[in-house]
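Following the hints, put chain B in place on chain A, whose structure we already have.
Here the protein sequences come in this chain order: A and B. Numbering-wise (my numbering), the first sequence opens with residue 221 and increments by one. Numbering-wise (my numbering), the second sequence opens with residue -8 and increments by one.
Honestly, the hints are just simulated from the structure, not real lab data. Watch out, some of these pointers could steer you wrong.
To be verified - Among chain B residues calculated to face chain A with C-beta under 7 Å, some are:
id, residue
1, P7
2, A11
3, N58
4, L60
5, I61
Unchecked claim - Under the rule of at most 30 Å between Cα atoms (straight-line distance), these lysine-lysine pairs were calculated in the DSS-like manner:
id, chain 1, residue 1, chain 2, residue 2
6, B, K50, B, K1
7, A, K365, B, K30
8, B, K30, B, K(-7)
9, B, K1, B, K30
10, B, K1, A, K365
11, B, K50, B, K30
A virtual CB, placed ideally from N, CA and C, is assigned to each residue, including glycine.
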Amino acid sequence: MASPQPRIGVVTYPGSQDDRDALWALAALDADAVPVWHEERELPSLDAVVLPGGFSYGDYLRCGAIARFSPATAAVCEFAASGGLVLGICNGFQILCEAGLLHGSLLRNESLRFVCRDVPLRVERADTPFTSRCEQGQTLVIPVKHGDGRYVPPPDLDPAQVVFRYRANPNGSVDDIAGVCNEAGTVLGLMPHPEHAVDPLLGSADGALVLASLVESARDRALAAA
Amino acid sequence: MKATVLVRPKAGILDPQGEAVERALEHLGFDVSGARVGKVVDLEVSASDEAGARAQVEKMCEQLLANPLIESYEIEFRG
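Just chain A, same shape as in the assembly (with noise of 0.2 Å):
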């Protein structure tokens, strides 16, 4: 018998632009992917939640800053609260940022340029929701393609916070650091974009490691729930 696939929202809001593929990389990986309006004040029942990657209303005053402010933004906050499980995918996580479920902030690359290219990543932990099908240490090569990525920490992050380090820094990130969970680790924010590396075709599928560990980890959950 098949095992339930878990059900799992990626949030569009108005400049989102990785919402599809999201869902498509969530649908390949056996998910039930469900869009969600970024003007929807409730949820519907979710196993996990997705940020996508995008410019969230232009990215105006600074990125994420408007979309914190977003129906959806408080919902997955409730969500999240609750300790459901949240990925944040380049804008995505600086919307996670923003409306402070992680901390830090994602500032402009050191270089001042857009940087679009393959990188190699680190794995610093392999004990999360988001990560259990990697192994620690291991190398995953994923895109990014973002102008601003420079993410600083707070003075007091915890170093355990540390999910993903760049091999080769793009963009003049603290610490090479290229993602970081919250200190439950039910919350995960990276620049990079697995949903883009889903497919050896596509040059990579290492993105397909840290999504099919939360897919795992959202059907783990409401196996456990039912």
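Same frame as chain A, but now just chain B:
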């Protein structure tokens, strides 16, 4: 009441825009250092006096206009 909010990158935060501007100014022959690039937000706020307006604009800065981790702000009132 008209207010101007100045938002600056905090000291110690790397500001590549400021560095690029500084290099460009040097290229033009100016002897400059310490260039930093921030933002200006002009707005009008309904309040009967400056203290009331200031309290409101400070809240705006804390909730939206500035990111306290990386930016400092200054509020000025005009006319």
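If any of the earlier hints don't hold here, list their numbers in rising order. When the structure is compared with the hints, none of them turns out to be violated.
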